[in-house]
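Make the complex out of the two chains shown on their own, each in a separate frame, by following the hints.
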Amino acid sequence: MAELMLHDYELDEQCYKVRLLLGVLARRYRRVSVDVYPGREQCGARYLRLNPLGALPILTEGEFVLYGAEAILAYLARKYDPSRSWLPDEPALFGEVAQWLAFAGIELRAASLARLRALLETGTDDSDNVGAARRAFRLMDDHMTKRELDDARWFVGNAATIADIAMFPAIALSRDFGVDHDEYPALRRWMANVRTIPGFATMPGIPAYH
Amino acid sequence: MSGTEHWHPAALSGGLEPGRSAGTRLFDREFCIWRDTGGVAHAWEDRCPHRGMRLSFGFVRGDRIACLYHGWQYDEKGQCRLIPAHPTLDVPPTICVTTFPCVERLGVLWIYPHHMVEAPPDLPVAERDVSPVRSLYIDCAPAAVLRALTAHAQDIGPPGVPLLSFASVADQPIAAVQPFGAAKTALHIVVPGALRTQRPGARRQTAEWAEELRHDLEQTLSPGELPSTVCGNSTWPS
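In order, the protein sequences belong to chains A and B. Basically this note's numbering = 1-based index in the first sequence + 12. Basically this note's numbering = 1-based index in the second sequence + 220.
This is chain B alone, in the form it adopts within the complex (with noise of 0.2 Å):
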């Protein structure tokens, strides 16, 4: 799968909230991404080993995460620690989740996508303060949506990373490309300086100009554009 090399967006880090999960999908894949009490975020494959059952409609414990359908709970390693029905068996190791690398930066929750066993490689994007607006699901393909926008944003992100500033916009806003599906875009939009540097109403503003966005391209772009290339050739950059 193209892509796996590189660190992809997912969320904004402020929409997922400590003790939450949530599902994505990085070029159709399912990830589940759920925040512990303690504040840390993970990023895993969606996929209870007991019954396949998507783990981001589970529920967070703690530093662990149980499953909806039989309350298996796994701790921040993957490891499955406790089988409700079952309560005094000592786990086999052999029970775990395949967990993805995971960090936050510039207002947004990103994921490595492939598994490692040594540490991945660091993401080169600058730590800088920003305030969240929204996150933005156009139903276009992401190819397709990246050659639209590079038109009107300038690309300020490392080789493979996808990053646009949209400086002739008010309040200038970033925007991390998340290549979600075959025909699905997310765009998770954040504006630079921190929030109490904000004018009243700039994120709100933002967040309007940002539906605006969406309908434009979802008009232009067919949504079927480049419907099988794009996870596997170059039309997604590498």
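This is chain A alone, in the form it adopts within the complex (with noise of 0.2 Å):
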């Protein structure tokens, strides 16, 4: 069988992602670690043919190629969880699960963008990224929020999916760009609800405790 590939940069957060879900799945892979900074290996043309948009994570299985943490995230649970919980089959949590990713992608982009500059001073205007950071933020705390009333933990259904793993690192990670979580009970709570599923891995600004 083919060799389960991450093409991974420790301090990415959506690659931290992917490694998020192998652990949880317990599956085997080998990590290649890209000089992303300050090399910009990602940019690089071996990279560029990968994944012509110069970004991580690129997942690889033999002749296969993936990129985007969402897609890999899918293609995982898809492929590797027998359970089928990660993602489900029955279509409305189905569609569920692929509105936060859309979510994740999309909503968080803004978080990423933040950390970035905080972190790697890249970028040029960060306010705006802040904020709107912090509207997903609430939106997400109030949907969990509400999901408390309905006794429920997790984004989707009654287990935790990849829409979990795909909306944890934006939020765990935000106080790297000044973002506290007093004002996200809800969120509090549901993360160290992830910090307790079995395999849970960890990255620089996400301890294994709470």
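The reader is advised that the hints may include incorrect statements.
What the hints assert, rightly or not - Dumping the calculated DMTMM-like pairs for lysine to aspartate or glutamate here, alpha-carbon to alpha-carbon at most 25 Å:
(1) LYS158(A) x ASP349(B)
(2) LYS404(B) x ASP140(A)
(3) LYS158(A) x GLU438(B)
(4) LYS297(B) x GLU338(B)
(5) LYS297(B) x GLU324(B)
(6) LYS158(A) x GLU431(B)
(7) LYS297(B) x ASP256(B)
(8) LYS404(B) x ASP192(A)
(9) LYS297(B) x GLU250(B)
It is worth saying that the hints were derived from the structure and are not from the lab.
Next up, the structure:
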């Protein structure tokens, strides 16, 4: 069987999503460290052949190449989760997971940019990104507040899904760009739940315990 | 600082589980609230004396909270008991965190943000059965929110402790008003009656009402209204 390879950068929260899912699925893979900073290796000719967008993560399995964290999460869940719980088949649950995956890719992009700006001093003005990130976090907190009132612990359905994995890093790392968790109590409790998933993986800025 | 002579709400009691910590603010001053594994709530200054890290980022172990940076552990009186890098050291009593009185009433955790040597005054709010709904954070000045809301709600709290009863709203929610910061207000919202007596969907409907309330307030009030005056003068009731 072809080897699963993740082209990865330790500080990249998009890569972390994939490491997190591979961890909870207990799937062995080879991790290829890419010199994103300061080398910008992901924008070199070798990596542009794998992902013309010049971004990580990139997953390869033999000749198969996939980029984009949410697409990789969906692929890994479909292929390596025999329980079908991380990406449910049931149409309504599948649709809701897809909705939050899109949210993670679109609405939470501002959080990624704000964090990159704070960490690596890239980009120009981060003020709009911080505001947009806060609006997204509030929407997530409203959602989880109502989920708690329905006695639910996860973003979708009755078990953790790749929606939880995709939503987790942006808020867990928000202090990197100066957004505290004080005003997101439902997200604080949900993040504590995520940390209890067997196989949970850490990254710099996300300790195991709370 | 105005307001230190009053109790202030800081969280919903049920939202702070045993063994967990959270950060919050009163008049932009940072507090760590945490609940030990025995269920007792604590409110402290949100600073580890070692490196100034926020203790609310730390983790609770039994009746102690430990700093996320270097694991210094503090007991329920705020006294440092263990420095992991020097495990045999008898920790000097001077290494301690400022603690504040903290009580739970009406499903809400309250802080008396004044370091007390003696017992604080009683919180003059009567206990009754309530069910928690949610904490709501509004990007508007506390005094402006209070002024806007008292047009729709009755203030049933004692002087200086705004407690708003929305009798005309379904399920008649009650909101404790937290002066979080110059441009931020928190409402800790409960509905009267124990959980078992709530009709199905009542709390969820109240949560949706709260979202609309926040939207209306933020549309009506400018975020920076009374930005610098709210902390220091009569715009906040005392």
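Okay, the hints, checked on the actual structure:
1. A hinted pair counts as satisfied when its Cα atoms are at most 25 Å apart, and LYS158(A) with ASP349(B) qualifies at roughly 21 Å.
2. A C-alpha spacing of about 19 Å is found between LYS404(B) and ASP140(A), which places the hinted pair at or below 25 Å, so the restraint holds.
3. Annotation: proposed proximity of LYS158(A) to GLU438(B) holds, straight-line Cα distance about 21 Å (limit 25 Å).
4. Between the alpha carbons of LYS297(B) and GLU338(B) the distance comes to roughly 14 Å, so the proposed pair stays at or under 25 Å and holds.
5. Taken as a hint, the LYS297(B) and GLU324(B) pair is honoured in the structure, with Cα atoms around 18 Å apart against an allowance of 25 Å.
6. With a CA separation close to 11 Å, the supplied pair LYS158(A) and GLU431(B) stays within the 25 Å bound.
7. Simply put, LYS297(B) and ASP256(B) have alpha-carbon atoms about 12 Å apart, close enough for the 25 Å limit, and the pair holds.
8. This hinted pair checks out: LYS404(B) and ASP192(A) have alpha carbons roughly 13 Å apart, not beyond 25 Å.
9. The straight-line distance between the Cα atoms of LYS297(B) and GLU250(B) is roughly 18 Å, inside the 25 Å bound, and the hint therefore holds.
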